[in-house]
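Novice: Sequence:
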Amino acid sequence: MNKIFTLLVLLFVFNISAQSTLQFDKKFVQSEDRWVAFPSDSTGSYNFGFIYIDAQAGLTFDYEGSFKVDEKGMFLPNKREKTSSMKYRLRPNNTLVAFIPESKYTELQISKEPDWLKSYKTGEGSIERFYQWGFMYNGWNECEKALGYLEKAQKVDPEYKGLRVELAFSYNCLKQYQKAVDILKIAIKKEPLDAYTNKELIYAETKNGNLQDAENVCRKVFKECPDKTYNSENAYNILQAYYIKKDIKNFNSWFAEANSYLMSDQKLKSLAEQMKKELQQ
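Using UniProt numbering, the first residue of the sequence shown is number 1, and each one after it goes up by one.
To be clear, the hints were calculated from the coordinates, so they are not data collected in a lab.
Here the structure is a predicted model, which means the values were calculated and not measured.
Accuracy of the hints is not assured; some may be wrong.
[As the list claims (entries may be wrong)] Below 30 Å or equal to it, Euclidean Cα-Cα: the simulated BS3-like pairs (lysine-lysine) are: (1) Lys189 <-> Lys220; (2) Lys26 <-> Lys68; (3) Lys207 <-> Lys152; (4) Lys118 <-> Lys104; (5) Lys223 <-> Lys175; (6) Lys220 <-> Lys145.
[As the list claims (entries may be wrong)] Derived DEER-like restraints, expressed as beta-carbon distance ranges: (7) Tyr63 <-> Lys223: 16 to 26 Å; (8) Ile127 <-> Gly44: 23 to 33 Å; (9) Phe24 <-> Ser260: 46 to 56 Å; (10) Gln281 <-> Val156: 49 to 59 Å; (11) Pro39 <-> Glu81: 23 to 33 Å; (12) Gly148 <-> Ala57: 13 to 23 Å; (13) Ile244 <-> Met74: 37 to 47 Å; (14) Pro192 <-> Asp265: 22 to 32 Å; (15) Ser270 <-> Ser126: 41 to 51 Å; (16) Gln281 <-> Arg89: 41 to 51 Å; (17) Ser45 <-> Ile186: 23 to 33 Å.
Backbone N, C-alpha and C fix where the C-beta goes; we use that ideal spot for every residue, glycine too.
Taking the hints into account, I'd like the entire structure generated from these sequences.
Specialist: Structure, rendered in structure tokens:
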């Protein structure tokens, strides 16, 4: 009985030691250029490797091997034989990994950055790379990090194609709507009928409370823009803003004016009709 109790205590201490060293609280998109560990398996073994960004493939995990943690908290590696690299493309999701502390690099026989990483750093510091990384992080909804890259690109060349609207996406995501409006108005002067730029402007104007301005932009898009991709979404964003304000008069007016666009998307049609029903109660 005493032996069993002692074993349980040792296992408990061992588990606490591992948990205090490894905090599984980071998403893949927060782990660029970091050594990470995945939660342990049933044997107490942790798979680990290096997460980086491949310009073509996106977030990528380079598998290094596995390790266990002994009763003293030492990381004991079981590194695979490297006949070839084992790389896995990562999809941004809610899987959580732990950053491996630098104090454990020696135990795991790794350096802060793998030698092979240099080949993926080509063009680092260029506007193309700043823009591409900003674009990717926006797509992963890591808008604050995206904005950091995009603002660096802006300092190099504010006229870089697509940069202003990508900055606006970050601003909208971060609820900095006036900044989005300001930069989109500059972008619109250069490409007045670009559907995506107009979509972001309409969204920013509605969130900023400028609903008449949003309506005016939306009417122009309905009438003049050859790309109709976002017409239903644009119409819905304005309608939703009136719904949130409980502005029944303008809600009904816009519902009637933009009806053909609202009704052309089955999901938005259902939402629009539900909002109308609720306001009439």
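Novice: I'd like to know which numbered hints this structure contradicts. Please list them from smallest to largest.
Specialist: 6, 7, 8, 13, 17
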